[in-house]
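Enquirer: Residue numbers (the working numbering), protein chains in the order written: chain A, 1 to 155; chain B, 1001 to 1555.
In case anyone wonders, no lab produced these hints; they're calculated from the structure.
Among the clues, some could well be false.
Stated by the list, open to error - Ranges between beta-carbon positions, derived for each pair:
| no. | chain 1 | residue 1 | chain 2 | residue 2 | range |
| --- | --- | --- | --- | --- | --- |
| 1 | A | Gly35 | B | Glu1215 | 37 to 47 Å |
| 2 | B | Lys1241 | A | Gln144 | 54 to 64 Å |
| 3 | B | Phe1070 | A | Thr44 | 53 to 63 Å |
| 4 | B | Ile1065 | A | Lys103 | 31 to 41 Å |
| 5 | B | Asp1306 | A | Thr44 | 48 to 58 Å |
| 6 | A | Thr44 | B | Leu1511 | 34 to 44 Å |
Claimed, not checked - 25 Å max Cα-Cα, derived PhoX-like pairs, lysine-lysine:
| no. | chain 1 | residue 1 | chain 2 | residue 2 |
| --- | --- | --- | --- | --- |
| 7 | A | Lys120 | A | Lys46 |
| 8 | A | Lys122 | B | Lys1385 |
| 9 | B | Lys1388 | A | Lys40 |
| 10 | B | Lys1055 | B | Lys1330 |
| 11 | A | Lys120 | B | Lys1385 |
To be verified - In silico negatives: residues of chain A with every beta carbon more than 10 Å from chain B:
| no. | residue |
| --- | --- |
| 12 | Lys49 |
| 13 | Asp51 |
| 14 | Pro80 |
| 15 | Lys90 |
| 16 | Asn91 |
| 17 | Met121 |
Beta carbons are placed, not taken as given, at the ideal position from N, Cα and C, and that holds for glycine.
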Amino acid sequence: MGATTISYSQKEKKYNDYESIYNAQVECLGTGTKGVFVFKVFTTQKRRKPDFEKSKRAAIFSVLFNGIPGVPSTGCITQPPILNSDDFEKNQEYFNDFFESGKFSQFISLADQANTDVFKMKKGYQIGLSVTVRRDDLAKKMEQDGIRKGLGNYF
Amino acid sequence: MNKLIALIFLLMCGIGFSQSPQNNLSGDIPTDYIRPGLLILHNKQGGEFDFNNFKFPSQFDEIKIRNQEFSYSMEFDGLTSTDIFNKINSGEKVSKEEREKAKENDSLYNYIFSKKEYSDIISKFTGEYMASVMEIENGQPNWEKLLERSRNSLTESQRNQLKNLSGGSLGDNAQNLLLDPILDRNYIMVITPYDRTESEDGLGSSVQVSIFRVELAEGNDIQSKKNAFFSKFGNNYDLVKDSQFPVTFLGSGVGYASTIEKQSIFYTLGLSKKRSKEIRTPEEREFDLNTRIIEQGIDIGIRYTDNWKPRAIVQKGMKIALGTKEGLRKDDLYISYERVIKKNGEISNEIRGYDRVKRVGNNDIDLTESDEIGELSKLYPDGGKRTKTAYISMRQPEVGLGTSVFYRNSVGFRLDQRLRFVLNSMIYIEGEFLGSNELIGGSDILFSAGIQKYINIGRKISLVPFAQYGTIFNTQEAEDAKNDSLEDGNANIAGFVGSRLAIKLSPKIQLIPEVSILVGELDTSDLLPSLKTKESYSDRFEDGPYFGFTLRWNN
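Bound-form chain A, shown alone:
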C-alpha cells in the first residue's frame, strides 16, 4: 500500500496535465524595464478562497508555453512563448521540479493578492490575480539550464 502511494506521488505530470491544471487567460496591463510584464492571470478554481500558488504557477506556465497577448493601449506587444510543448516533454523532470519546488516563484516580483478579482460562475470561481513577471530573466534561466536554445547555441 505504501509502495503504491510513493509510486503515485512520484508520478511525473505530463504537459497535458499541466496545461489542464494551469490553463489560464492572460490580460497584459503594462510593461516595464528589462522585460518586466504586469498582467492579470485568470484561472478557474473550485473554491472561493483563491489558491494564489496555482495562479502564480499559471502565470509562469503561460509565459513559458503560451505567450502574452499584446494590448496596444497598455503598451504591451505580443510576447511569443519562451518554449514549446516539446521542450516540456523532453525535460519533464526539470519542469516537475521547477513548478513543484517553488523555483518558478523567483520570477514573480509582485502578486497583488489584496486586490484579487473573484467571479462566481455556475461551477466554481474565476480568480483574477495581478502579477508582475520578469520574463527576460525567466527566458535567460531557461537558456542557462539548457532548456531553451539561445542565439549563442547556433554559433
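Starting from the known structure of chain A, fit chain B onto it as the hints suggest.
Expert: Chain B alone, transformed into the frame defined by chain A:
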C-alpha cells in the same frame, strides 16, 4: 412646540431630497476607485454667495480655474429662472406642453439644460478645466505637477503598477499610466443657490439650491479619450486652454441647505436657558452654509453616478483600501457586491452585505514615492448577507434618518438621526399620544428626546439600549397659551431607560420590541399649589416596566 419643530429642523439640517438610494451598479465595473476631478461652478443668478469659502469634498480631485462664477438667467414661457426653480421645488409637475417642448426629456430641468446656450456656457469652462487638469505650462504638461496630482488620484494598485513599471522614475509607460486617473473621470457641477432666508435671530440661514452635473467626455473609454486628446493637442498644448470639450449631461436636482447655531438639546426642548457655548462669526456661518450647499450637490450627484461612489475590493477582516483621502466617515453605508458570471458570459453584480465604516484609515500619504501603504478602513456588518473577501464594497448614500411608528402604552411617532461621531448611535425625538385630557380638553402628548446605541449581534439583530427624557404637552393648553400669551401649565416630566431589540427584517425595515422603565418623573403639580391639569405618566400607566414595539423604516 416651536422648539421641538426647531429640533426636527436641526435633525433635517443639510438634508435635501430624501430620494431612495439607487443601486444601479451594473456590468463589469472597474474595482478601483479613481478620485474624479471636479470643478464647481457657481451660477450667481440666485444671489451673491462667496464660493471661495467652503470645504471641498475630499473624495474629489479639486480642479481650479481662474473664474468659477457666471451669471445666467433663463426665461421659459414668461417665467423667470427663480420661478422655474420654485415651481419644480414645489413638486409641481411640468405641463404636457412643456414636456413636448422638452422632446426627449421629460423634466423641465432637462429642457432647461438642453437649451443650447446653457450647455455653451458650461462648455466655455472646459478648455481651462483641461489645461488645469493637464498642468499645462509653456505649451507642455508639467509632469512634476502631474505627479503631484497623481498622489491624490492614484489607487494603491495603480501605485503598485507605477512603481514596478518605472522603477521609481517616470518613464513613458508610467506617464501613460499616470494619465489614466487624470483624464478618465472629469466632472463639472453647477451650483445655483437661490431664495436665501435668514433666521429670526440672525444666526442661521437656509437656501434652496439647484444642481446641474456634466461629465467631460470625448470618447467612451480612457484609451479613446487619450487618443482624442493627443491627436488634437499633441503638437501644441497651448491650444487646450482656449478649446471647448464636449460635455455629457448627467443629471440635475434641487436641494435645501441650512446652517443654524449649535445649541444644546436641553435648550431646544426648553429645559435649559443656556443657549450655546459660543456664537459663530458671520464668516464661519457663511463657510458652513457654503459647505452644506456643496454637500447637497455631492449627495444628489452620488446617488446617480457610480463613478462618484468610493469603492474597493473587500480584503481580509472586512477591510477596504479607502480612507481619509476618499472622505470616508464613520458609519457611512457600504454595500458589498458579488460578481457573478452568467451563462451567457455577462457579468452581474449581486447585492450581498450591508456594512458600515467602523474605523477610517489614514491613507493620505504619498503614493508614488513612499513604500508606506495607506491604512485600510474597517467595516462592520449591519444587514444583508455576509460580506466575503473579494466582494466589491461600494459607498451607498443615505439620508441617515429613521422614521418609526411605535406602541409603548399608546401609539407614537419617532424620528431618529444617525450621529456618526459615536459609532452606530442615534439621537431621536418622539411623540407618544397619551390620549384626550378630560379636564381641560385637547390631547396630551409626551414629547421626548433621547439617544440610542445599536450593538449589533450579527447582521440581523441588534441590542439597542436607550435613554430619553421629555415633557407632557397638551394641545388645548398650548392653544390657550398662544391666544392669551400665557405660559404653559405644569410640565410633568418623564424619563425612561430601557433596551430595544432591533430585528432587521430587511435593510430598510426593522421590527423592534422594547422594554423600559420610568426613571425620572417630575409631576410639577405636586410642587405647586395649582390645579393639576395633566396626569403624570405614572398616573396613567403606573410605574412600569413597559413593553412595547416599534416598526422602523431606515432612510
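Enquirer: Now, for every hint given, state plainly whether the structure supports it.
Expert: These are the hints, each one checked on the structure:
| no. | hint | in the structure |
| --- | --- | --- |
| 1 | A:Gly35 - B:Glu1215: 37 to 47 Å | holds, 38 Å |
| 2 | B:Lys1241 - A:Gln144: 54 to 64 Å | holds, 55 Å |
| 3 | B:Phe1070 - A:Thr44: 53 to 63 Å | holds, 55 Å |
| 4 | B:Ile1065 - A:Lys103: 31 to 41 Å | violated, 56 Å |
| 5 | B:Asp1306 - A:Thr44: 48 to 58 Å | violated, 28 Å |
| 6 | A:Thr44 - B:Leu1511: 34 to 44 Å | holds, 43 Å |
| 7 | A:Lys120 - A:Lys46 | holds, 10 Å |
| 8 | A:Lys122 - B:Lys1385 | holds, 19 Å |
| 9 | B:Lys1388 - A:Lys40 | holds, 21 Å |
| 10 | B:Lys1055 - B:Lys1330 | holds, 18 Å |
| 11 | A:Lys120 - B:Lys1385 | holds, 16 Å |
| 12 | Lys49 | violated, 8 Å |
| 13 | Asp51 | holds, 13 Å |
| 14 | Pro80 | holds, 21 Å |
| 15 | Lys90 | holds, 33 Å |
| 16 | Asn91 | holds, 30 Å |
| 17 | Met121 | violated, 5 Å |
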